[in-house]
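Q: Combine both chains into one complex, guided by the hints.
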Amino acid sequence: MNDAPGTPDTTEATQNPNDLLAVEVADALVDAGLITERHKAVLLTKLKSGGVRQDDWNLWVDMATAPEAPGEEADDE
Amino acid sequence: MSKPITKTRLAGFRGATTAFELDLDPSKHMIMLFGENGSGKSTILDAIDVVCNDTIGCLQGVSAGQNVGKYLCNLGCQQTALQVTVTSNSDSWTGTMSRNSVNVSGDADRPIVKILRRSQILKLVTAQPRERYDELSGFIDVSSVEQSESNLQQKLNGTNQEITTLTRDKNLMASQLDERWVAEDRPGPGPTAMEWAEQRVNTGIQGLNDKLERLKEVVDAVAATTAGKTDYEDRKAGHSNVAGQLADVERQIANAPSVTSATAVQLLESLDKAKAYIEAEGSLDKCPTCQRPMERDELLGIVNQEFGQLSELKKLTDDRQRTQGRVNTAASHLDEARTKLVEALKKVQEVVQVGDVPELLALNIVWPSWEQATDDMDVLVAICGRLEPVQPTLERQRDSAQRDVNQFNSINQWWNGIKEVNEKIADLDRIRDGLQRAYDIVHEKRVAFTQGILDDIRQEADRLFQEIHPGENIGLEQLKMEEQRRGSVSQTGTFNGHNDVPPQAVFSESHMDTLGFCVWLALAKREAPDATILLIDDIFSSVDATHLGRVIDLLSTEASNFLQVIVATHYRLWWDRCQNAHGIQRVHLGRWCAANGIAAENMPRVLDELRAKVADAVFDRQGVSSKAGILLESILDELALLYERSLPRNKLNQYTLGALMNGCSKLFSRHNLTVQINANWNVDGQPEDWQETDGTAAFNRVDALQFIRNQVGCHFNPPGMDIPDDDVREFGAATIALVEALTCPNCGTLATKIANDGTHRRCTCAKRAARMTPVAIE
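Here the protein sequences line up with chains C and Z, keeping their order.
Residues in the first sequence are numbered consecutively from 1, following my numbering.
Residues in the second sequence are numbered consecutively from 1001, following my numbering.
Among these hints, one or two may not hold up.
Unchecked claim - The calculated DSSO-like cross-link candidates involving lysine-lysine, where the alpha carbons are at most 27 Å apart (straight line), are:
#1 C:K48 x Z:K1114
#2 C:K48 x Z:K1525
#3 C:K48 x Z:K1480
#4 Z:K1273 x Z:K1286
Calculated directly from the structure, the hints in this document are not laboratory data.
With the rest of the complex left out, here is chain Z (with noise of 0.2 Å):
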């Protein structure tokens, strides 16, 4: 719940070098600071911006080295002695220093505060797109959606990236399945690959796989057959080989000494064990075994000598055993291949038997008895003979059922690629084609959305900008989301009949003021602007009196829309033009100074004044004729300008009353000037009710007695004194039913704004319950 700012304390804080404090009155929809330079106005909105929006106020972006934000302390002044408060109400928000940063303490919401500095104008209107962008992107930012469209592209294009990769394959295999229906002269039953394969395909495979089985099965027997065949010759030579090397053995055996084999190896067992006994003893005299002398060398030679004639005979025994071993070896090999052959044969024979194969049946074979088949094995010897010539033929009817499988495997290969293919691809084009329009929904959404806030941010400020500077043939034209460049804002405005012009180039320098002070506002006015108080610093330096003029009745209209607004500056003929006005707040600053610090008064309505005056038990004769008189001179003045009064001339276009009033009397007298008052301003749903003011009644009256205003209010003579206190109080209340009678009961202001109808002139606050004929006088 945001509510007006009552009050602002500070110490410590910039130009508040003593405790400084402004009540502010959540009545008024405007405050005005006004003061000369340097009086401390930007401190007070430093002050709130600090503590609202956790900045550092102006000090941002200033190049004044690191830790900036120390210098928001009063120069001097030690970090723990800065306390500025908000209060709004019963909540309150307190800045406290430490660490050259300000820390904010209060729980309740701050209250939502926008601030505009020259510095922010230069942002919103003479920036780069970029940063125009990011002055903006508070109010256009939609990031979120531009990521997931980003993705949504994305995701488009993969999917046309695979669509076009699915493409590629099912051509190929559409490439690969017409070569091979070319290549066999383009059968039917249609005029396409697809159909022929789509047929081959639903004739199925098991009748090629079987014709391959059974042929494998012809060539694999017949082959084993060969094999068998070669084997059992290998074994048979083999056999009788070994056998042959045997009987070498044996005659050698035969001619060796009469020992036999069994007993020289005992004796070579003694012998031996005898000959390490004997090289084992360091001396001998005698035979160990016959007792018979004999010295130990002697001994040792006789054992070697025999040792060495019962070795060589033991070489040979067992040459003779190993042999017999290999020949046991090949026979039983022998023996296994004989009976591979036979089961290889017999294999043959059942399968000649199925009478499917040609080629084996056109050989006769006369099969033998399988119980003695092996005592006559040159006879399937020359069986295998008779088949071996036949395998080559049946291994190349194998080799071409195989290759038949292999093209059904390929042509099913491919006519279900293809397929598959296609289906997933049509599945794809739905999709992309979703995604496609999808795409373009959220494409052209973004785009409608943020362009509209921008239009509608452009129609509102170039409406403002128009009110600012009516038929000068200037305004913004555009403001546009840049496309090639992400998060870049354009805009171009209209110079003189050009309407594609950048405004930074062709504008002048308070044109750019006025133009980037309407984009604020009308930012500021999308969001919950009844819940935004708006702190304005002085930033209208280069907008001249008539410009500026313009400014504060628009300031005046729009204030209305906004929770607070707070206005600082050092024009005095801002301030002078507010001085009735009953809405605004007007805080005078003085002039600054280290020792006291900023130093503000309120000051009140110069008409609540005068009724005080008008009233008051002790008068004040000079006071209320001075105060009349600048009461009337301000509003006459203003009447004069608006309806182009001749006035006598005068270098410095300074006017007396008198001048005043003789410039105006035929407004009333002549041309009718006439104000109505909405006597239900005040009174929500009520219908208006217009009643005139007798404004011509009030003028005389204030006419006849304007000599006062010379006589008591600005001289001391005699005349003066001898008017009497009712007369002066009579031209007091004069003025008063004056002013009364011309201006708003709501704002305090006359009626200036011309209608939209252009039927009478109407005031800028929000009640609008005053309006004034003629629009003009010709």
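Chain C extracted, bound-state conformation (with noise of 0.2 Å):
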């Protein structure tokens, strides 16, 4: 309760529990070193809004568990 008229507001854009626990589940995603941090973002707004297919899922999980090719660099992007 603020109580007196004028009191600074408080209310902030309140993350949904989806989107909590979308944060959550990219970083330990990533932590775990199965999706690359460059498709954490994208995963990120998957989780959030329409969901991560079966497709995305396979490529990411390859891409991010895939062994490094001899003399390949590895992906500073």
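A: Printed below as a string of structure tokens:
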């Protein structure tokens, strides 16, 4: 309760539980090396909105876990 | 930016049969709407709910036919007359009705309002797990992540299936390869078929292909001579046959009449034309050629006879011509067959000369000179006859070479197939492991996340519940997502030592009501409470006085978490207990009637009323005495109850001021009741500065004058009349001093709540500006 009128508003756009969980999940998957940092943003967007499709999971996990080809530079994007 | 509601105006809405306006004080953390049943409390809350939440208020879920929303309109009133306005400082939102529903206009974001009615309590605590989930879903709905998790699981299953299929394919190929290897008697270089196959594949197919191609060339060459010989013999026989036929025709022509065939043909043509001419003429009397007199029919008979004799000869000459043509064709074919046979034999000679076909070399063929080879076809036919028996042997060698090539191709296909599948499986194994780990993470995170929220809600709800039911051995033990049933939340409670009972099965109705209230409050606290306005619509009808007192304390404490709390109640106990509270705007609703609609009046704090009366130039002796008495009775009654003071027993538990003063006097004289006020309570960021009030002196001051309450405030009698105004004013001032010495300067209530460390009692407002000792009296 704000005791007096004119008290600064503290309302912020609160994240819904899905969004909060999405951030936790994305962080954990990146930490576990199952999603590359490069794909984290799109993963997060899809977790928050439309859901990640089967092909997305396959592609991202494949790319994150693929053995580095000899002489290939690490992806620094 | 959410601000408290400052005004609501109702016209034509529910019980507001006449326009009704209520100003809400935004400086008060709680607005209490007090009135008897049917006074219009719910109508006011409904109006706010309808405007702020686009609902149909308490009509939600009511079975009253279609378009139940039309009942929001005052009965007998035109829908266009309905107008509900909610104002928050400079913003306002107005709901108007058309076609049985209310449409709200207003530019600014509407206030966040959550309303609790008894029907919602039932959904929270007594409903099925799925309905409970619906009520909680706003806090635990992670459906998008859940869908992603489901897709991940499907991909994982699909990958497992793919690996299974590939493994089956690989095993089939390995089994076929193994079978071939065993058939070859398990040759080296290693102990497995794969090593053998690898060696075979590495050897390459070129040698096998070369051998096969060579044998195909040899077999084709030899087979061509066999075919050529047969063809030549057939052509030769054919030619001989048609030559005989020609000779027969020649003989027949020689025996025919001595007319040359050419002359006969010309004559036949002339006769044919003459016959046509005569047949076309209707009548004739002479021959058109020799002019000899002759009838038409006679002339036609002569022509027909001559025509028949010459036709036979014509047929023979045609036969001879056709047969001659066939003889010529047969001769041409015979020549071709000779040439072909020569070419086939030349090819065999080339093949033999390479010297790699022992079967042909062994025949020691003497090849003729090819320039005149056709002159003596018998020699060529004889050579063909010698080649013919060798052909099957060569064909077997060719077929064997073909099998070697096929086998190589199979081994190559299996070995490479197995290798490729192994690589694919290894790749898929890696991805599958990744997907499995990802699934485990997503699943565990989701379950832990939603369960964490439920645990938090449960913990807070139970904490609140324990405030209402301390030491009753009853509580909310668990809220849990049901893994087997999507979108379901189960609950278990504690009851008398049992920790896994469904509350709805063992709790009393009032326990369920307070539990539902606590769960709802815990939920409301999770979502931007300082921007949220709570509406509580008279939900504690089943709660007894003791528990209601705790609910009041709890709500007084919790209200500070929210932007504004508007409570509707018909409980006078609640109303009275709040009569001295600072932070509460008390609105008293009078009796409703159709003619006047809702009637409401803001009630000031009794203490403020007393202050005003004491300071009033036109002194109201009786009013001051009466108000002071009421104020004293209410605060001493609460003290006596809190410290369990002895009072004269009476049937109705109604105590006079005198009895209460006597009962409480020892609190000050013997038990050293002490109240401390934090001098810095109203200054943010300053350290606490606890200063003791002189409650004992204030109590003694009142004690000396308390008789005034009766003699001036309640009765008409001579002793009362003798009491000077100054004494009455002093009684009022002493009462004010005592109340100020005992209550919190912020919330205006006694410090009743025992502090966590058990050393003192504190008030329940957010400032917690007052504390009182002792906690209890032995």
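Q: All the hints need checking, so say for each whether the structure fits it.
A: Going through the hints against the structure:
Of the pairs offered as hints, the one joining K48 (chain C) and K1114 (chain Z) holds, with about 26 Å between alpha carbons and a cut-off of 27 Å not exceeded. For the proposed pair K48 (chain C) and K1525 (chain Z), the alpha carbon gap of about 24 Å is at most 27 Å, so the pair holds. At roughly 24 Å between alpha-carbon atoms, K48 (chain C) and K1480 (chain Z) fall within 27 Å of each other, so this suggested pair holds. Annotation: proposed proximity of K1273 (chain Z) to K1286 (chain Z) holds, straight-line Cα distance about 17 Å (limit 27 Å).
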